[in-house]
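Peer 1: With the hints as extra help, turn the sequences into a complete structure.
There are 2 protein chains.
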Amino acid sequence: MNLNALIETSGEWLRGGGPESDIVVSSRIRLARNLAQFPFPIRASDAVKAEVSELLCNRLLDLDFGPQLYSLDVGDLNEVDRQFLVERQLISRELSDGVGPRCVCISREENLSVMVNEEDHLRVQVLHSGFSLGDTWSQISELDDNIEQHVTYAFSDRFGYLTSCPTNCGTGIRVSVMLHLPALVLTKEIQKVFQALQKISLAVRGLYGEGSQAMGDFYQVSNQVTLGKSEQQIIENVQEVIPNIIAYERRVRNKLVSENRRNLHDQIARAYGILRNAQTISSEETMHLLSSVRMGVNLGLIDELEMATVNEMLIQTQPAHLQKLRGEDLQSAERNVARASYLRERLTGDFTG
Amino acid sequence: MNLNALIETSGEWLRGGGPESDIVVSSRIRLARNLAQFPFPIRASDAVKAEVSELLCNRLLDLDFGPQLYSLDVGDLNEVDRQFLVERQLISRELSDGVGPRCVCISREENLSVMVNEEDHLRVQVLHSGFSLGDTWSQISELDDNIEQHVTYAFSDRFGYLTSCPTNCGTGIRVSVMLHLPALVLTKEIQKVFQALQKISLAVRGLYGEGSQAMGDFYQVSNQVTLGKSEQQIIENVQEVIPNIIAYERRVRNKLVSENRRNLHDQIARAYGILRNAQTISSEETMHLLSSVRMGVNLGLIDELEMATVNEMLIQTQPAHLQKLRGEDLQSAERNVARASYLRERLTGDFTG
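So the sequence lines, in the order shown, correspond to chains A and B.
So the working numbering is basically just the index in the first sequence, starting at one, shifted up by 75.
So the working numbering is basically just the index in the second sequence, starting at one, shifted up by 75.
If you're looking for bench data, these hints aren't it; they were derived computationally from the structure.
Backbone N, C-alpha and C fix where the C-beta goes; we use that ideal spot for every residue, glycine too.
One should not assume that every hint holds.
To be verified - A short, non-exhaustive set of chain B residues, derived as facing chain A with CB atoms under 10 Å:
#1 341
#2 353
#3 411
Stated by the list, open to error - Partial chain B-side listing against chain A, Cβ under 7 Å, derived:
#4 337
#5 340
#6 344
#7 345
#8 347
#9 348
#10 349
#11 351
#12 352
#13 354
#14 355
Peer 2: Written out as structure tokens, the structure reads:
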């Protein structure tokens with residue numbers, strides 16, 4: 076698979092469709108699995124990892140299941156290409172920065188990705204746009220069953236699926252929903268959401284998962300417990316709480332519009348103005364401003380922009396994407412200039428300087 | 076004269092022509108004069124002031140001199156109209172806020188204005204765009220001679236022209252040049268200019284003269300001494316120093332362009348973007364951003380804008396101008412919205428909200 080082909084398209088999950096897509100960017104489920112016959116990656120030699128990688132890659136590419144998968148040998152990729160896959164949420168930082176034989180199998184639409192030799196032998200992921208945990212679960216469950224027909228998973232009757240880290244043991248499932256909550260952040264109500272989620276053992280993380288900062292008002296809500304509950308129960312836990320957060324964000328947006336429309340519009344219009352005019356801009360500021368613009372599109376305060384375009388710009392302005400788009404390595408200051416050019420081109424059709 | 080007619084036009088001095096107009100906005104000379112036969116305004120009763128006002132108004136309107144003058148009874152004007160004249164630099168804050176009979180005679184082109192019963196009986200002013208103290212002096216000198224043919228000025232062989240405040244005594248002249256010095260402000264080199272001017276007894280003030288803050292990087296340089304030197308010497312003092320400040324500002328602009336073009340362009344482009352998109356904006360921020368845009372026009376970093384438009388916007392976005400344009404009294408928050416609308420309309424042709 077040619078990585079450069081990916082830059083021309085954007086993953087299905089970015090196209091901005093799906094239920095509640097004004098607030099829910101994407102729904103994601105991942106399963107941690109290991110093969111019974113091999114030491115887990117954290118204990119395996121490179122030779123064993125190579126064997127596992129080859130075996131799993133072959134099995135995955137041969138699956139008689141929905142979309143065709145393509146494999147990428149992550150160890151063969153340069154740093155920019157690896158970072159590019161991280162930015163697209165197709166691989167984790169851990170797989171990107173890891174050592175030894177490791178690969179990822181991806182579907183053309185980018186909904187499916189299976190990492191091999193990350194922390195576990197297999198990290199199976201399905202990603203959909205909008206709030207659609209049901210579809211996401213159906214697809215990952217089917218994929219998981221298909222894989223299990225060709226390999227033997229490490230499974231204990233007592234502990235369930237066995238994983239490198241005990242926190243993933245049991246179902247091995249992580250259910251995450253990526254939310255865009257600008258109004259709750261603006262009004263500082265977001266703290267109440269964090270507290271409520273903590274009480275029911277749900278975690279809140281930034282755009283790029285564990286350890287990442289929340290940027291541009293994007294938050295991932297996910298389960299922490301994987302043991303002692305069924306997959307359905309865990310999904311339901313998340314599924315039940317998300318509509319409350321959506322309703323809360325909508326309520327606060329409506330309140331802002333009805334009580335302070337002018338200032339809200341001002342903030343959004345200025346953000347849009349800066350994005351269309353800046354000559355150099357950091358990734359952080361871009362996320363921050365695009366977040367305002369995204370809310371503006373949702374509230375009908377910006378007419379001429381599609382949500383899908385905003386979502387795409389959020390990813391395309393990340394460092395590795397910019398470098399792939401430009402076809403050259405760029406230092407941080409050069410990226411800031413390239414980012415500003417890209418934004419002006421996308422938002423005004425003007426491509427100067 | 077109908078004040079509303081003025082709003083449709085802009086004074087000659089705003090049209091952005093004249094020598095060195097990239098840096099010198101305008102050249103201004105004013106003369107303080109009093110009539111020998113009447114107590115000075117600070118000691119005069121309202122009856123005397125009324126007599127002086129009528130007498131001088133009649134004389135001024137009858138002058139057989141260049142442009143026809145029109146008179147405005149300042150005491151008759153409401154607060155917005157008075158503030159409007161202050162913003163156009165046709166009258167001083169002192170005349171606007173004063174009490175008792177007082178008036179101003181103005182030429183249609185707004186180059187000439189004669190205040191009656193400000194601190195002195197007469198404050199004669201000539202204002203030209205760009206750096207043109209020579210023309211300004213010729214015109215005010217001719218006007219002064221013309222007036223003197225019809226009245227007797229209070230004059231002492233020892234002290235020269237007598238004035239209410241001793242600091243104006245002698246020549247009664249104030250020569251001011253309004254400079255736009257954004258690069259010197261940006262690099263903090265402006266402090267050196269202040270120090271140098273102080274040493275040669277020249278004063279630096281903001282846009283609206285004495286006591287006003289420098290806004291948007293606009294500074295008025297003027298003489299402090301009026302006694303013991305001839306008018307020509309005083310004008311020469313200012314005339315000689317201004318080219319050095321112009322050269323200094325140009326040098327620093329060129330340095331910024333050659334060493335840090337990207338960041339300078341970024342600052343200017345963002346300012347332009349905010350002005351074209353904001354939904355509410357204060358007078359202070361507007362001045363600040365227009366200052367960047369003005370430099371951008373001069374440096375060729377903004378193509379589609381005329382300097383005259385920028386100069387005009389600096390005045391038209393002032394509180395009283397906005398209210399005259401809208402034809403209604405507006406509170407501060409309403410003015411901020413009206414100002415943003417006006418700027419969007421002027422800069423993008425878009426007039427919504």
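Peer 1: All hints, please: hold or fail.
Peer 2: Against the structure, the hints:
no.: 1; hint: 341; in the structure: holds (4 Å)
no.: 2; hint: 353; in the structure: holds (6 Å)
no.: 3; hint: 411; in the structure: holds (9 Å)
no.: 4; hint: 337; in the structure: holds (6 Å)
no.: 5; hint: 340; in the structure: holds (5 Å)
no.: 6; hint: 344; in the structure: holds (4 Å)
no.: 7; hint: 345; in the structure: holds (5 Å)
no.: 8; hint: 347; in the structure: holds (6 Å)
no.: 9; hint: 348; in the structure: holds (3 Å)
no.: 10; hint: 349; in the structure: holds (5 Å)
no.: 11; hint: 351; in the structure: holds (6 Å)
no.: 12; hint: 352; in the structure: holds (3 Å)
no.: 13; hint: 354; in the structure: holds (4 Å)
no.: 14; hint: 355; in the structure: holds (5 Å)
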